[in-house]
Structures are given as structure tokens and as C-alpha cells.
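This is what each chain is made of:
Protein chains: 2
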Amino acid sequence: MKLICSKNLLNDAISMAQKAIATRSTLPILDGLLFEAEGDTLTITGYDLETGIECKIDTDVIIPGKVVLNAKMIGDIVRKLPEEIVNIEVEANFIIKITSGKAQFKIKGIEAEDYPKIPIVEEAEQMQVSQRVLKEMISQTIFAASSDENRPILNGVKVVADNNRLELIAIDGFRLAIRREEFKEELPAMSFIVPAKAMQEVSGILDPTDNPVKIYPSHNHILFDTGSVKLVSRLLQGEYMDYNKVVPNEVMSQVKLRTKDMLNAIDRASLVINVEQRRFPVTVENSDKETLIISSQTDLGEVHEEILIDLEGENIDADYNPKYFLDALRNIPVESIYLEFSGTFGPCLIKPVEGEQFLYLVLPLRR
Amino acid sequence: MKLICSKNLLNDAISMAQKAIATRSTLPILDGLLFEAEGDTLTITGYDLETGIECKIDTDVIIPGKVVLNAKMIGDIVRKLPEEIVNIEVEANFIIKITSGKAQFKIKGIEAEDYPKIPIVEEAEQMQVSQRVLKEMISQTIFAASSDENRPILNGVKVVADNNRLELIAIDGFRLAIRREEFKEELPAMSFIVPAKAMQEVSGILDPTDNPVKIYPSHNHILFDTGSVKLVSRLLQGEYMDYNKVVPNEVMSQVKLRTKDMLNAIDRASLVINVEQRRFPVTVENSDKETLIISSQTDLGEVHEEILIDLEGENIDADYNPKYFLDALRNIPVESIYLEFSGTFGPCLIKPVEGEQFLYLVLPLRR
Chain C
15 MKLICSKNLL NDAISMAQKA IATRSTLPIL DGLLFEAEGD TLTITGYDLE TGIECKIDTD
75 VIIPGKVVLN AKMIGDIVRK LPEEIVNIEV EANFIIKITS GKAQFKIKGI EAEDYPKIPI
135 VEEAEQMQVS QRVLKEMISQ TIFAASSDEN RPILNGVKVV ADNNRLELIA IDGFRLAIRR
195 EEFKEELPAM SFIVPAKAMQ EVSGILDPTD NPVKIYPSHN HILFDTGSVK LVSRLLQGEY
255 MDYNKVVPNE VMSQVKLRTK DMLNAIDRAS LVINVEQRRF PVTVENSDKE TLIISSQTDL
315 GEVHEEILID LEGENIDADY NPKYFLDALR NIPVESIYLE FSGTFGPCLI KPVEGEQFLY
375 LVLPLRR
Chain X
15 MKLICSKNLL NDAISMAQKA IATRSTLPIL DGLLFEAEGD TLTITGYDLE TGIECKIDTD
75 VIIPGKVVLN AKMIGDIVRK LPEEIVNIEV EANFIIKITS GKAQFKIKGI EAEDYPKIPI
135 VEEAEQMQVS QRVLKEMISQ TIFAASSDEN RPILNGVKVV ADNNRLELIA IDGFRLAIRR
195 EEFKEELPAM SFIVPAKAMQ EVSGILDPTD NPVKIYPSHN HILFDTGSVK LVSRLLQGEY
255 MDYNKVVPNE VMSQVKLRTK DMLNAIDRAS LVINVEQRRF PVTVENSDKE TLIISSQTDL
315 GEVHEEILID LEGENIDADY NPKYFLDALR NIPVESIYLE FSGTFGPCLI KPVEGEQFLY
375 LVLPLRR
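Chain order of the listed sequences is C and X. Numbering-wise (the numbering used here), the first sequence opens with residue 15 and increments by one. Numbering-wise (the numbering used here), the second sequence opens with residue 15 and increments by one.
Bear in mind the hints are in silico, worked out from the structure with no lab data behind them. Please read all numbers here as calculations on a predicted model, not as lab measurements. Yeah, the Cβ is synthetic: ideal placement off N, Cα and C, and Gly gets one too. One should not assume that every hint holds.
One-sided excerpt, in silico: chain X residues whose CB lies under 7 Å from chain C [said to hold, decoys possible]:
| hint | residue |
| --- | --- |
| 1 | F119 |
| 2 | I121 |
| 3 | R146 |
| 4 | E150 |
| 5 | L285 |
| 6 | V317 |
The following residues of chain C were derived to be distant from chain X, with all beta-carbon distances above 12 Å [as the list claims (entries may be wrong)]:
| hint | residue |
| --- | --- |
| 7 | T55 |
| 8 | D74 |
| 9 | M87 |
| 10 | E199 |
| 11 | S205 |
| 12 | D313 |
| 13 | V367 |
Turn these sequences into a full structure, and let the hints guide you.
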């Protein structure tokens, strides 16, 4: 392999492919990136056996070939090279010579034959959506995915397309996040569950622009293609929780409030709570139809907060893990929301005042 | 104690006093800040038994008094308060009530009597210098102070004032940093050694402006006073290393080069070196009078760098720990420097092309 390429293009491609590299891999070769030069293209691939990211850049290929290079080392080297033009050449025994201006590196490569193959996803049935919209939808749901290894199916984000609507769903047994988006175009009907870790990486390859990302699901895998970057992930298989069942049909109290008021009050109430411990709740109750009281009391101290609301229905008095509210409230894209309570032991729903763009559900703690 | 004050002033004062709090203290009271309200002033003090920082803010004191509050907790609370006006009141049993708008906190305080007293430094003989200049001088020397507990005197930064000149010196046995500044005004002759940790905190209380900081040394302690903030540190006592002796009088080779060229070349050469391990050096040698070669060779690979120089004197060929060069080169405030070599086993001096604003010395590694 021998090629001449741009430092900046190379740097961007390495940074992107590195996202697929596990922080602690079991095989040294999985700490590497696969470099393949052919035609006038250099393809750089990172793969942790679950998610693979592949970036292509235009280069001047003098001798085609391939090699695996330690991702961290090649990333550090390329970032610090002095000139925009970079020469890369594989010498005998997989010694890689990298030259840029008066700087010359020789590092050891690994034989490319041993690099695991990323599953091939046929580019057949596809869906195409705005990168910015999908990126937002991921960030507004992914925090609610479970990390409990005993329920692996809930470690994924469920994606459902139907008619003009796309839905992302995450649920961990204590809370639920649904984010919906309506499109002008009809979407092909499809449904699949992407591991949350891979979904985080999908978010990383998406731009905050309306450029499209093409999505190709197959039986076991899914391909996200932005044009310059391809990401392949395995899919989770199995029965997902029937989340529609946990959403109550009847509501005892409905509260309208400003998202920020609730976020700030719960954030402050958490200051006396070790949020990782679930045993200290915040209590949410109303003093009258216009005032919601958010309070907490622990070994460390007590906090009492009041926020302005419009309450319709019965009085409220329930305990919650503040983290679940904070995760949702920090990601809600609208100024005002409804909270819908179903009594002291029923869930609390968080909804937009208009439409059904999102739905969050938080279960109360036992008293 | 009962007072009304500004959230922003309170927040700034707490952040400043927190700098003196050790990350892991042995006594819970040392995790606290002392709040003292008297007259129309609130004084907030942090002290780790070595360095104390005291900040005064104007407040409306209704009932004078004092109390100790956990620094992290009061800091987090004040930062997140909703309104600019903050009420603080000590209730029975050292319960502290903090109110701002509709947010109310009650946290436990600690009796102030148990808080250690910061040593009083008499404000007698003093020196006054620009905060910006002292801040720069600290950052350009402090990295060379030793952290070896067997030579505690070298864990300090030596400060020497004489005539119009101020000098800061740090030395760890392998390298030396001297930073000098000439002032228009005569400085009082004085010399003292401040623990490097405290010197770091001094840097933290200084503004990057030419507002003066007053410096009052006593036998055992030193007081830095910026007007709004006072910092008291103990001084290190003992015989400091005679650093003038380690600077060679005769030079075998002198090289003129661009600071950045050397910094970038050594930075890249370090990419194949685990910099914390000292056993892999960079080799510095010249190929001709105009080219300096910086190279390294380890298990990970090899790097070869060439930079443009003007060499006078004998040829160069010596090995160095790259970290020592990087620390100095990153903090050098001029574009071009001289390196002066005294052969393969003598030290390398780094000097400005004009004047004697700084002097760095790096010892070579044995071959």
C-alpha cells in the first residue's frame, strides 16, 4: 500500500471510524483501524464486533493494499503532522512509514487479513430522513434505555416507521421515553431495535443539518449511510415491552407548567440527594391549584421549592427519583408542558401542550 | 447570623475560597468554608492548614455571627439559586436556612469555634507587583518544582527580589526554571520559598490585569493581598539548591531556532514514547550547521524530525527526557530562542535571544 492524501480528510475519517472502537477491547486487532486503498479511495474502518463505522476519502493511491493500524496511535500522529500533504507507505514486515514535511514516522502495522469482516447489509428497502431530526430524536430518548443486562432487549432503542410517522422508544422499567416525528413523505413500514450503544454512535456520525441519512434494515443488522460515512450495527432480537400498556388511559390530575421551572426546581431539590441512590425521592405535591411544591429531605438537609402551575383535577402527592425527571426535562424541546398524574401510586406522564411529539413516563417510588 | 447578599458576589467569593480546600481532607471541618458576618461584610475563608484564602464581600448583615458550611454543598446551592437576592440565616442547632425567591434550603452547619485559625501575617515590609506579571512568572516556572517528598525544599518555588528585579526559581534535580522580570520601581530585598501547591493557588487568585498584588513575607508565612482576596501560605524553611552552580560557564555549541519548531518536533517525537517513563529519550543531534535532527526509537516505532537552525560551535549529540523540554517550550513567551549545549553529558540551556528574562536548564540522560 502506498498513497498520498490530505491530513485534514484523513484526520476527520480517523476520528469518525474511531467512534466504533471499544474503549477496552479483548483482541489487540480490535484496537486498530483497517486502512484499505483501492482505485482512488482510502476506506478506513473501525469495528467492535457490534458496530462498524466505515469512512471513505479521496486519495492518490499509488499502490493498492490494506493494513491495520492502532487507532489511538495513528490518530495522534495524523493530528500532529506538520503539513497538509501526507504520504503513507507500507514497507516490509508491515512497517508503516508516514511522512509529512520534515516529519517521518515508522510504526508497526498488523496484517489486514485478520481484521473481522463487517456484516454486509443489502441496500434494499430503505428509509431516508433528515440527519438533524434523527440526531435530536436519539438524544431525546436514549437516556431512558436500560443498562440492566438481565433484560437485554431493553438495552436498545426501538425504531418504528409507519405511514408518515417515525417513532423512537426507550424504556428501562422505571420510565419510558417516546419521541415522534411526522414527515411530509410516506415512510416504508418498518420496526427494529438498535442497541443503545450503537444508537449513540449513530448520533455521532449525524450532522446537525437536513442532509439525509439513508437507513437500510435487514433481518439481523442495520446500515445507516450519510454518504461519506456508513455505520453497520447488529439489531436486538426479541419481544419488546408493550409500552402502550403502561400508559394509563385515565388521568386524575393535569398540571400545566413551564419546563424550565420544573427542571430548575428538581435540579435544586436534588442537591441534598445522592441522585445515584434511589432511596431519597423528591416529593411532588400541590398546595393549591396554582402552586406545585417540590421538596426533598435527607441526611444532608432539606429543600422546599414552589413553582407556578395550572392544576385541573385532584390534588397531587407522590414521590419520584429526581434523575428520571431531570433526564427528560433537560431534553424537552418546548417551553411549556403538561404533567398528568394518576394518583400517588400511578405514573406521571410528561406531554407537550399541543400535539404528541413526545411522551415521557416516570413511575413513582413506593412510600 | 443573618444576612442578605448578592448571589453573584457570594458565588465568586465561595469559588475563590474553595481553591484553598484540599480535595481529600483529614478533618470534616476542613471540607468546610468559614462564614463570618460582621459590620457590613461577609468574610468567607477556606484553609487546608497550609494555605488559607479569605474573601470579603459587602452584605447587609442583620445579625452578626459565624458558621462553617460544607464547601461543595454551599457552592452547588448558591450557584443554582433562582434569584440574585439571597437570604442566609442560622437557626437553632446550626441549621442554616438559605432562601432565594421560591427556593428554600436547610442544611447543617458546623460550629465555627472549631475552625482552625489562619496565621496572622503582619502587613509590614511589602512588595507590590502587577498581578498579570506575577501570574505569568508562576506559570512559566512552577512545572519545574519537584514533587519528590525526600527533598521537600525543592517542592517550593523560590522568590527573590533585589533592586529592580524579581526572580522565580523552580528546580527538581533534573531541570531548572528561572523567570526574571525587571521593574521600573525599586523592590525591597527579600527572598522566600513558597510551596508549589500554594503558588498554584496564588496564581488562581490573580487577575490577568496590571492591578497590583501586595506581598508581605514574615518569618514563617507569607500573605498575598489583591484587595478583594487574601491568601496566606506557610513558607518552606531550609537551604535551597545553589542553582547558579549547575549553570555551566562555558558553552560548546549554540543553536538558534524557532521555539515552535522545536516544540512541535519534540511533541511528535514523543508520540512513540510513554513520556512518564524516562527510559526512552529523544535524541538531539545536528546533521549540519543548518539542520537539527530530533529522533526517537521505541517498541512502538520511530520518529525522525528535522528543524532549521543556526549552529555555532561543536556538533551536538545528546539524549533527553522530552517532557522536560515540552514543559519549558510550551511556556516560553518568545518566538526564537538559543539552545546552549555543553557536550553529550552536559546540560542544555534554553535562553532568550535577547536579555535574560528566562533561563531553563535540562540535564541529558545517561547513554
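Here's how the hints hold up against the structure:
1. F119: It holds, given that the least Cβ distance between F119 of chain X and chain C is near 5 Å, below 7 Å.
2. I121: holds, 4 Å
3. R146: violated, 31 Å
4. E150: Hint on E150 of chain X: violated, closest Cβ of chain C at ~26 Å, above 7 Å.
5. L285: The hint holds - L285 of chain X has a Cβ within 7 Å of chain C, the shortest such distance being about 5 Å.
6. V317: holds, 5 Å
7. T55: Holds, since 26 Å exceeds 12 Å.
8. D74: holds, 23 Å
9. M87: Since the minimum Cβ distance to chain X is about 7 Å, M87 of chain C lies within 12 Å and the statement is violated.
10. E199: holds, 44 Å
11. S205: holds, 41 Å
12. D313: Check fails; 9 Å does not lie beyond 12 Å.
13. V367: Nearest chain X Cβ is 22 Å from V367 of chain C, so the label holds.
Violation of the numbered hints given earlier is confined to hints 3, 4, 9, 12; the remaining hints are satisfied by the structure.
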